[in-house]
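*Asks:* Each chain, written out:
There are 2 protein chains.
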Amino acid sequence: MEIFSADQIEAIHLASLAVLRDTGMNFMLPEAVDILTREGARVDDDGIRVHFDPEMVMEKIRTVPGEFTLHARDPANSVRMGRDNIVFSCVASTPNVSDLDRGRLTGNLEDFRNLLRLTQSLNTAQVVGGYPVEPVDTDVRLRHLICVSEMAKLTSKPLSGYSLGRERIEDAIEIVRIARGIDHETLLREPSIHSIVNANSPLVYDKPMLLGAMILAEHNQAVVYTPFTLSGAMAPITIAGALVQQNAEALAGLVFSQCVNPGAPAIYGSFTSNVDMKTGSPAFGTPEYAKATIASGQLARKYGVPLRASNATASNAPDAQAAYESQMSLWACVMGGVNYVKHGLGWLEGGLCTNYEKFIIDAEMVQMMIAFLEPAVVDEDALAVAAIDGVGPASHYFQSPHTMARYETAFYTPMLSDWRNFETWEDAGSVDATRRANGIWKQLLAEYEPPPMDSAIEEELDAFVARRTAEGGAPPL
Amino acid sequence: MEIFSADQIEAIHLASLAVLRDTGMNFMLPEAVDILTREGARVDDDGIRVHFDPEMVMEKIRTVPGEFTLHARDPANSVRMGRDNIVFSCVASTPNVSDLDRGRLTGNLEDFRNLLRLTQSLNTAQVVGGYPVEPVDTDVRLRHLICVSEMAKLTSKPLSGYSLGRERIEDAIEIVRIARGIDHETLLREPSIHSIVNANSPLVYDKPMLLGAMILAEHNQAVVYTPFTLSGAMAPITIAGALVQQNAEALAGLVFSQCVNPGAPAIYGSFTSNVDMKTGSPAFGTPEYAKATIASGQLARKYGVPLRASNATASNAPDAQAAYESQMSLWACVMGGVNYVKHGLGWLEGGLCTNYEKFIIDAEMVQMMIAFLEPAVVDEDALAVAAIDGVGPASHYFQSPHTMARYETAFYTPMLSDWRNFETWEDAGSVDATRRANGIWKQLLAEYEPPPMDSAIEEELDAFVARRTAEGGAPPL
Numbered sequence: 001m002e003i004f005s006a007d008q009i010e011a012i013h014l015a016s017l018a019v020l021r022d023t024g025m026n027f028m029l030p031e032a033v034d035i036l037t038r039e040g041a042r043v044d045d046d047g048i049r050v051h052f053d054p055e056m057v058m059e060k061i062r063t064v065p066g067e068f069t070l071h072a073r074d075p076a077n078s079v080r081m082g083r084d085n086i087v088f089s090c091v092a093s094t095p096n097v098s099d100l101d102r103g104r105l106t107g108n109l110e111d112f113r114n115l116l117r118l119t120q121s122l123n124t125a126q127v128v129g130g131y132p133v134e135p136v137d138t139d140v141r142l143r144h145l146i147c148v149s150e151m152a153k154l155t156s157k158p159l160s161g162y163s164l165g166r167e168r169i170e171d172a173i174e175i176v177r178i179a180r181g182i183d184h185e186t187l188l189r190e191p192s193i194h195s196i197v198n199a200n201s202p203l204v205y206d207k208p209m210l211l212g213a214m215i216l217a218e219h220n221q222a223v224v225y226t227p228f229t230l231s232g233a234m235a236p237i238t239i240a241g242a243l244v245q246q247n248a249e250a251l252a253g254l255v256f257s258q259c260v261n262p263g264a265p266a267i268y269g270s271f272t273s274n275v276d277m278k279t280g281s282p283a284f285g286t287p288e289y290a291k292a293t294i295a296s297g298q299l300a301r302k303y304g305v306p307l308r309a310s311n312a313t314a315s316n317a318p319d320a321q322a323a324y325e326s327q328m329s330l331w332a333c334v335m336g337g338v339n340y341v342k343h344g345l346g347w348l349e350g351g352l353c354t355n356y357e358k359f360i361i362d363a364e365m366v367q368m369m370i371a372f373l374e375p376a377v378v379d380e381d382a383l384a385v386a387a388i389d390g391v392g393p394a395s396h397y398f399q400s401p402h403t404m405a406r407y408e409t410a411f412y413t414p415m416l417s418d419w420r421n422f423e424t425w426e427d428a429g430s431v432d433a434t435r436r437a438n439g440i441w442k443q444l445l446a447e448y449e450p451p452p453m454d455s456a457i458e459e460e461l462d463a464f465v466a467r468r469t470a471e472g473g474a475p476p477l
Numbered sequence: 001m002e003i004f005s006a007d008q009i010e011a012i013h014l015a016s017l018a019v020l021r022d023t024g025m026n027f028m029l030p031e032a033v034d035i036l037t038r039e040g041a042r043v044d045d046d047g048i049r050v051h052f053d054p055e056m057v058m059e060k061i062r063t064v065p066g067e068f069t070l071h072a073r074d075p076a077n078s079v080r081m082g083r084d085n086i087v088f089s090c091v092a093s094t095p096n097v098s099d100l101d102r103g104r105l106t107g108n109l110e111d112f113r114n115l116l117r118l119t120q121s122l123n124t125a126q127v128v129g130g131y132p133v134e135p136v137d138t139d140v141r142l143r144h145l146i147c148v149s150e151m152a153k154l155t156s157k158p159l160s161g162y163s164l165g166r167e168r169i170e171d172a173i174e175i176v177r178i179a180r181g182i183d184h185e186t187l188l189r190e191p192s193i194h195s196i197v198n199a200n201s202p203l204v205y206d207k208p209m210l211l212g213a214m215i216l217a218e219h220n221q222a223v224v225y226t227p228f229t230l231s232g233a234m235a236p237i238t239i240a241g242a243l244v245q246q247n248a249e250a251l252a253g254l255v256f257s258q259c260v261n262p263g264a265p266a267i268y269g270s271f272t273s274n275v276d277m278k279t280g281s282p283a284f285g286t287p288e289y290a291k292a293t294i295a296s297g298q299l300a301r302k303y304g305v306p307l308r309a310s311n312a313t314a315s316n317a318p319d320a321q322a323a324y325e326s327q328m329s330l331w332a333c334v335m336g337g338v339n340y341v342k343h344g345l346g347w348l349e350g351g352l353c354t355n356y357e358k359f360i361i362d363a364e365m366v367q368m369m370i371a372f373l374e375p376a377v378v379d380e381d382a383l384a385v386a387a388i389d390g391v392g393p394a395s396h397y398f399q400s401p402h403t404m405a406r407y408e409t410a411f412y413t414p415m416l417s418d419w420r421n422f423e424t425w426e427d428a429g430s431v432d433a434t435r436r437a438n439g440i441w442k443q444l445l446a447e448y449e450p451p452p453m454d455s456a457i458e459e460e461l462d463a464f465v466a467r468r469t470a471e472g473g474a475p476p477l
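Protein sequences appear in the order of chains P and U.
So the first sequence is numbered by this note's numbering: it starts at 1 and just counts up by one.
So the second sequence is numbered by this note's numbering: it starts at 1 and just counts up by one.
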């Protein structure tokens, strides 16, 4: 879907190029500034403010792959990123976790593990988009070793690591390589891990993230450059202005990736939403969010690069608001041609909490979207003119041969939605969707089986983690 | 949005013309059969099965107005139906009503009145789509007199009546004419009431509805021809086949309206959804419903006629399921270019219940859609290049002059959504969206003021109702 005219998109594009040329952007890693200036960017006397000429921007982003495979340790779970593909990930990086039984808790390793088990179990979660909750009860120096190795063992889907300095991302890359059972050369050919690199909006890329982005690009691994452009706070209060800034920051990230390693997989990240101007609170799944996401699709298609956005809501409970704000986000993603829907399952509270029931509600909503995107067949058989004539007026289709031949697979089958009539539903206890979701995630956890892993690979993985743990892990940031 | 190719839509179109020609459709009113055969249709020996040649169908529907005004007694509330317009109505025709405090009750006059008060108060309910709940505690012979006069007094929005035989629709037309304070000639020029005429699918139009449709067309009032094509039950189990049947039945209705009175306003009704094949229960807001609604938009645009669909869900509670199924319905309506979204506010249980909290949840969702559909401005001021340069990196926009000049009106302001942070929300009692909705409808009812009505008009209205009541109203069906 297009929400802006071609002229309007061109105006946003040109304005963002003007921002990159005239205002420029701060790159807080000297090594990154060196790479960019070597490739034609200009830097101010402060050594951090980098300016990009429009020609350089457009030339550099030409080598961003329009589509690539993100490999999983189970090849059946590898996904295509870009063009006409759409994939959904579990929620990532929340500091809290909640469910109906326990209420809200600080993120911890046991919930981290359980949320990975749900991610593995649900075919609507196709990518591990990050830590599904931050395990705050682990040593910050060892957390990445614990977390990425747990992700590699508990799931067999494409993984992610955090671009927080050199050691963490190098360790994550190595764990993913070991888990896939491939050598270093194969890893350099096959993107096997991805990482989000946020701009510290407005117009700053911080040092630890740039370092991670650089190392990932050197290894031909995928980086999602996502400006944090909340309109009215970290970006202009107009949607057009926020998009100009988002586009400038995202393009700067894509340019950086290609300066490091031309052809390295990189994704345009869209996260433009707005704040509540009365309180300053971020809002998600708003009309503004939907417009910005669909417009981002127009921009990403103009550049021929993959696009990431999110399934987001500001609701504090897994309630009707969470559902309708997430639906606004999901429809905007689908209508915008988003390739990678991050936080696809489980996000609540504007990203400050992962909620188990919301995880299941999202799984149902994503499953409905996938069914919606499956083209309906239109052929002589489906048009059913003979069946209509056979049934005729004042009858029904329940016993029609046309129905009997198809009834088992004809329609979408829900996991969470309850379509029984009121009386039957009431007799069964009047259980609403959120409480049904509570039962579903418990059943999924009870039925979870870890994906098989070769014992030699598991030993190598454990040995690597043990060695790096003995070495002290990664320094605190 | 288009979900089928032009070739596929043409195939559905041609198949439905073949159904109308070969299978035909039962018209249970001899007068209707006479009108149709006089205009070129053929009837079988049974006197009810009518066959239409494709040429007749295409010629007759040419006179359906692509757009028309549906007049309200307050001219500011008149709406445009068709083309690029979209309007939403309150829910209609449910036998039950429910809220969080009282649970589920049989429809009654007091709730009927309260739901009309909400319809009047909310600018997201632009049309009174029917009785917002069936007042079962009123005499069935007098119900239409009570209900339509209450609709005319408690609201000042475009009204509707039921096509259930001659007396009911003639009384409804007369009440609407009196309420608008216009003479009969003006009424014949200005569509001032609308009515749903359902096909008794498959392939039947019943006698009382045809009689109502005929009288409305004679008076140049609007009729919405809506086949009840639940895929797998009253229509083929394939979406393409259900659309073929829907299209055949809707076209037959449109043809009938134009045979009665060329140029009479008529609307193509889409209601194709599917049943749960395990239980036979109707399902709404499903992927199939979304596909069928968007495809209906392609068909209606092909014919240049206004389109009606619904904001529907099968959920039994105003919960997350109700919200996400309704969002699927609403997005399909918007993406399908639907002109008249019936049941826009308050529908629950597949149409068997009106729920007060759902009414408010829907009002919020509809309001978000309306804000989404407002085009974002893209001009030099909105692009904000100077503002971005003025703020620069590592800063924020809260105090920027560009922000200060716009912050009061920049963003969508919700009625129901709570964007406060978790701690503030928790301190305020952790009230979820459905319980907040409970407070909102009570406040709206407390603040309701009836729209002013000229005392002479009110007297004329009361006198008419008193006379028709004394005459015994309308016979039971």
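No wet-lab data here; the hints were simulated from the structure.
For clarity, every value in this text was computed on a predicted model and none was experimentally measured.
Do not take every clue at face value.
Since the list gives no way to pick out one identical chain from another, each pair is judged satisfied if it fits inside one copy or across any two copies.
[What the hints assert, rightly or not] The calculated lysine to any residue pairs, modelled on SDA-like cross-linking and capped at a C-alpha distance of 20 angstroms, are:
no., residue 1, residue 2
1, Lys278, Thr409
2, Lys278, Arg406
3, Lys302, Asn85
4, Lys442, Asp454
5, Lys302, Ala6
6, Lys302, Asn108
7, Lys153, Asp74
8, Lys302, Asn96
9, Lys153, Asp84
10, Lys278, Met404
11, Lys442, Thr186
12, Lys278, Ala410
*Asks:* Take the hints in turn and mark each one as holding or not.
*Replies:* Structure-based check of all given hints:
1. Taking CA atoms no more than 20 angstroms apart as the test, Lys278 paired with Thr409 passes between copies only; the shortest distance there is 11 angstroms, against 50 angstroms inside one copy.
2. Proximity of Lys278 and Arg406 under a CA criterion of 20 angstroms is satisfied inter-copy only: 13 angstroms between copies versus 54 angstroms inside one chain copy.
3. Only within a single protomer do Lys302 and Asn85 lie at most 20 angstroms apart by alpha-carbon distance; the minimum there is 16 angstroms, versus 30 angstroms between protomers.
4. Within a single copy, Lys442 and Asp454 get their C-alpha atoms no closer than 28 angstroms, and across copies no closer than 62 angstroms, so neither meets the 20 angstroms cut-off.
5. Taking the closest pair of Cα atoms, Lys302 and Ala6 come within 20 angstroms of each other only inside a single copy of the chain (10 angstroms); across copies the shortest separation is 26 angstroms, beyond that limit.
6. Taking the closest pair of Cα atoms, Lys302 and Asn108 never come within 20 angstroms of each other, the shortest separation being 42 angstroms inside a single copy and 57 angstroms across copies.
7. Taking the shortest Cα distances, Lys153 and Asp74 sit within 20 angstroms of each other inside one copy (11 angstroms), while across copies they are farther apart (67 angstroms).
8. In the homo-oligomer, the alpha carbons of Lys302 and Asn96 never lie at most 20 angstroms apart, since the shortest distance is 38 angstroms inside one protomer and 52 angstroms across protomers.
9. For a Cα distance limit of 20 angstroms, the shortest separation of Lys153 from Asp84 qualifies neither inside one copy, at 30 angstroms, nor across copies, at 53 angstroms.
10. Proximity of Lys278 to Met404 under the C-alpha cut-off of 20 angstroms is restricted to the inter-copy arrangement: shortest distance 12 angstroms between copies versus 58 angstroms within a copy.
11. In this assembly of identical chains, the alpha carbons of Lys442 and Thr186 never lie at most 20 angstroms apart, being 39 angstroms within a copy and 65 angstroms across copies at closest.
12. In this homomeric assembly, Lys278 and Ala410 come within 20 angstroms of each other (Cα to Cα) only across copies, at 11 angstroms, whereas the closest approach inside a single copy is 49 angstroms.
Hint violations for this structure: numbers 4, 6, 8, 9 and 11, all remaining hints satisfied.
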